[in-house]
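Colleague: Chain order of the listed sequences is Y and U. Using the numbering used here, read the first sequence as starting at 145 and increasing by one per residue. Using the numbering used here, read the second sequence as starting at -7 and increasing by one per residue.
It is worth saying that the hints were derived from the structure and are not from the lab. Among the hints, a few may not be true.
What the hints assert, rightly or not - Examples of chain Y residues lying across from chain U (beta carbon under 10 angstroms, computed):
id, residue
1, ARG182
2, LEU189
3, PRO190
4, PRO193
5, LEU195
6, PHE196
7, LEU243
8, GLY261
9, PHE266
10, ILE295
11, THR403
12, VAL415
13, LEU418
To be verified - Capping the alpha-carbon separation at 25 angstroms, the derived lysine-lysine pairs in PhoX-like fashion look like this:
id, chain 1, residue 1, chain 2, residue 2
14, Y, LYS318, U, LYS42
15, Y, LYS247, U, LYS(-3)
16, U, LYS(-3), Y, LYS412
Don't be surprised by glycine CBs; every beta carbon is placed ideally from N, CA and C.
What follows is the residue order along each chain.
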Amino acid sequence: MTLGRLAIYALLVVFAAVYLMPLYVMVMTSLKDIEEIRQGNLLALPESPTLFAWIKAWGSACTGSECEGLAPFFFNSIRIVVPAVLISTFIGALNGYVLAKWKFRGSELLFGALLFGCFIPFQVILLPMARLLATLGLANTVTGLVLVHVIYGIAFTTLFFRNFYVSVPNELVKAAQLDGASFFQIFRHIFLPISVPIFTVTIIWQFTQIWNDFLFGVVYSGPGTQPITVALNNLVNTSVGGKEYNVDMAAALIAALPTLVVYVLAGKYFVRGLTAGAVKG
Amino acid sequence: MWLPKIILAPTTVAMVVCMYGFILWTGALSFTKSRMLPQWDFVGFLQYDKLFANPRWDVALSNLVVFGILFICISLVIGLALAIFLDQKIKAEGLIRTIYLYPMAVSFVVTGTAWKWILNPGLGIEKLVRDFGFTDFEFRWLVDQEMAIYTIVIAAVWQSSGFVMAMFLAGLRGVDDSLVKAAKIDGASAWQSYWYVILPILRPVFFSAVVILSHIAIKSFDLVQALTGGGPGYASDLPANFMYTFAFNRAQMGIGAASAMIMLFGVLAILVPYLYSELRGSNRG
């Protein structure tokens, strides 16, 4: 190995260490007690690792006036994410199918107009959406948050499926039509079977986006319906009886775990969604 | 055939109402006196006058410029460098790539929480360096009015530079090998062929990366909220945080709406040329 290549490897490893450092610090801090945190430093290994901070972050840390830990909010997030991901993915699949293979006058324009939705800064819709949710009686509800995430997620899911289905040869659709297959039959028997990768990409993308959302969560949720990101922020900024950095770090890790696990298990699809979604949005 | 139209109908309605309708609604609201509740006494550009006379908005805008430029430039440099180095037939490339990219999977709130602790004045990096023997070392950017915005840059670069790396790496993998070989035959060194042959081919990737990063910069909200809370005071506010504070905490709906419209125009100024060139490109292809 030449000196040049050695330098390249060294540089790559140094950067890997830099990227890993915050995760390492979080894990180590979450395993120490507060006394050890004050005595030692960021990188020091815990002398007597304890799960105290994790237990407190999960079950009894204060996130404002109530002190029930992150657990209830973790489940709020699940109750928001699961329906929002499924509904927006399902609608996106059908939309993409139509926009790719059943074009009609104006459908391209519609797609362009929808694409724009991937880019708008959501600040510009926050106020009227709050009014709409209040009018529908959905202010501060899980259903309201699901609705918001579905509406503003459709642009992305439609884009994903449309771009995927565009590459299916038109002849295939024509031939199926000649054989008398209907709109839905073609979708079910030709398009669905080849759609596993794009469903995976879309579901992972939507899951990550919605789980990590903070803006909609902080604006449209109430005390009982806050998602985990909002609760984490409240937990960190609530100081009842001194800062507990170990609890903060355990809480941050709990909030990060679901998306990290997905990333480790299905990184390939995550990256694909990131590039597909991000290049256009 | 009416079925395709029926399928798209709900999306169309949602889009027309909840995107374009709401943008118009916010635009109209920004010309009224609305405070706690929307009301429709039109006052012309009064809210915009108030907005730009507000020192806090001033700070948020100049923070966005500082943050945006640094965040974009540093992410591009790091992302490109890592991509080029990773493209040298590196062993364990997959593992290294996974490590560089994992921050992108976590929420900005988590990133903010982690860096808030790492940069903690007293117990964070400051303590670490002092333990190494530099007992006078000071690192208090988090509580320093002048420096707080740079902590946002650090955390944002940490989160997003791996993603830029992934974009460039994908671009590099798409470069035609024969071009590089031709350059080699013409006597170009490895660096020359990167500089003169490969980088020009990557121009579209650059363009996309800049658009995506500036988009992330303009929309940045959660990172600031979690890392500095906009503080000390409002020294590290960005426009999105300003908008949230005025629209939802201070019952200044008119000013909040005006600031949101300015953000929209900021995004459009970047986006319209980009989409224009993209669509032209795809029509040709």
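Colleague: All the hints need checking, so say for each whether the structure fits it.
Modeller: Now for the hints, and whether the structure bears them out:
no.	hint	result
1	ARG182	holds, 7 angstroms
2	LEU189	violated, 14 angstroms
3	PRO190	violated, 15 angstroms
4	PRO193	violated, 18 angstroms
5	LEU195	violated, 19 angstroms
6	PHE196	violated, 17 angstroms
7	LEU243	holds, 8 angstroms
8	GLY261	holds, 5 angstroms
9	PHE266	holds, 7 angstroms
10	ILE295	holds, 5 angstroms
11	THR403	holds, 5 angstroms
12	VAL415	holds, 6 angstroms
13	LEU418	holds, 6 angstroms
14	Y:LYS318 to U:LYS42	violated, 60 angstroms
15	Y:LYS247 to U:LYS(-3)	holds, 9 angstroms
16	U:LYS(-3) to Y:LYS412	violated, 34 angstroms
The structure shown violates the earlier hints numbered 2, 3, 4, 5, 6, 14, 16.
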